[in-house]
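Asker: Sequence:
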Amino acid sequence: MTGNQEERSDRFIELPARMVLTGEGIKAFQKAGTPVQRVLNREGVPREGLEAPRFNGKTAQKLVMNSLLEEICTQLPDMLSRRYQIISTTNLIVYAILYKKLSPSLGKMMFESQIVRDFNRKNPKNSIVDIKHVNLEQANALFQKHPGLFEKIEGDIRELVEARIQARSGIEDEDRQAMAMSLPKFLAWIDRRIWFLYYVIFQTSMRDQMRNVFAGMIARYLEHTRLATHLSHLVMEFIQNAEKAHFERLIVRAGMAGREEVDKFLRDAENRKKVIAAAIKTKQYLDISWNMNPERLSVGQHYRVQITISNYGLIEDDVRDALVRKMKTNVDGIGISDFYTGGDGDPDKLGAGLGLLYNSYLEDLCKQEGINYRCTIYPEPRLEKTTVRIEMAL
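All residue numbers for the sequence shown refer to the working numbering, where the first residue is 6 and numbers rise by one.
Simulated from the structure, these hints should not be mistaken for laboratory data. Heads up, some of the hints might be wrong.
[Stated by the list, open to error] EDC-like mimics (lysine to aspartate or glutamate), calculated; alpha carbons at most 20 Å apart, straight line:
| # | residue 1 | residue 2 |
| --- | --- | --- |
| 1 | K249 | E389 |
| 2 | K113 | E228 |
| 3 | K249 | E275 |
[Said to hold, decoys possible] Beta-carbon label-pair distances, calculated as ranges:
| # | residue 1 | residue 2 | range |
| --- | --- | --- | --- |
| 4 | L154 | R225 | 22 to 32 Å |
| 5 | R212 | Q42 | 51 to 61 Å |
| 6 | P21 | L388 | 15 to 25 Å |
| 7 | S210 | K157 | 12 to 22 Å |
| 8 | E48 | P21 | 16 to 26 Å |
| 9 | E117 | D161 | 18 to 28 Å |
| 10 | R59 | V134 | 41 to 51 Å |
| 11 | V41 | P129 | 44 to 54 Å |
All C-beta atoms, glycine included, are put in the ideal place defined by N, C-alpha and C.
Please model the complete structure; the sequences and the hints are all you need to start from.
Answerer: Next comes the structure, spelled out in structure tokens:
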């Protein structure tokens, strides 16, 4: 319980990126004497930020946590080959926000819980009604005085939460694994003032009750990790569809193959290289951006993530209507594993797979969690592009 996140195994994310700083981010970099650059944001507007062929995932996550980073954007001739890097970027952003909201959320749950209310009623002179009333220096001093005790407390909580995760019904193994793997990092990010409050009640006859209630709170919060998992899947599904449209446009315009032969043409690795080379030569790239602007997109304690994916080629009205209908598919009773089969049953057809059903699944999950979620597909005639925008307020 040092309050420090464990080292990321993927220290550098091999993704060329332009990073736009917030106003606070610019001030922080200037104060530290770190030079910033003029970079173009997703809309092509010059802003203050950084640009590099790769970036440090841990550093980027800290910038997001501290509201210093507004946007990460990249342009690539193809994106499926960067699947791991794109998923890592999506995850680091969502988890940064979850870490940031962790202690305030746990504090709110604790002060609204019956056990804390009972404690305050029995101890009116020592009642605590807000985490701000807990002195951080006093909490740090307690940790230094009893390090072994707090390690044991954390160990007990970890075991209880792990047992709850394993006993949880109605979730996929992938979700269960993500929750279990995330647990140590979430425990490390808990504000010491929360642990101080836990310790105060832990010293009373309410010890066992406090332990069980607190474990339940953490297990409940870990449910939000499912959002990162399925958001990443949805992003990759949209990228797969965008890349198919992107390549098809290049192939047909260059006369490499007829529209009906595109799928077969792209299954040849050498043909794929030719298409990527054509994209680079004509400067026609796929775009993806992650926007976390707290000044423009956030309301109250909610932090909105906005992911935008664009490809060249205007979506036709009938196609857009079909996608809207598909995204509204009723998925009641359908498990995630069922999404891996394409609607036409042809596993070789390019673009087969999840079929955008992840959108319906994610929409339902957000509704359960009380999270605002929206996904839109629209044409951008001025840019000759089709864009998908996913917005989620955590």
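Asker: Against this structure, judge whether each hint is valid.
Answerer: Hints versus structure:
For the proposed pair K249 and E389, the alpha carbon gap of about 16 Å is at most 20 Å, so the pair holds. Our distance criterion of 20 Å between C-alpha atoms is met by K113 and E228, whose separation comes to about 17 Å. With a CA separation close to 16 Å, the supplied pair K249 and E275 stays within the 20 Å bound. The beta-carbon spacing between L154 and R225, approximately 25 Å, falls within the hinted interval of 22 to 32 Å.
Distance hint for R212 and Q42: a CB-CB separation of about 54 Å, consistent with the stated range 51 to 61 Å. Between P21 and L388 the beta carbons are some 20 Å apart, a value that agrees with the proposed interval 15 to 25 Å. Checked against the hint of 12 to 22 Å, the pair S210 and K157 passes, with Cβ atoms roughly 19 Å apart. For the pair E48 and P21, the supplied restraint of 16 to 26 Å holds, since their beta-carbon distance comes to about 18 Å.
Separation of E117 from D161 is about 23 Å and conforms to the stated range, judged on CB atoms against 18 to 28 Å. At roughly 47 Å, the beta carbons of R59 and V134 sit within the given window of 41 to 51 Å. Here the CB-CB span from V41 to P129 is close to 52 Å, well matched to the stated 44 to 54 Å.
In the structure shown, no violation is registered for any of the earlier numbered hints.
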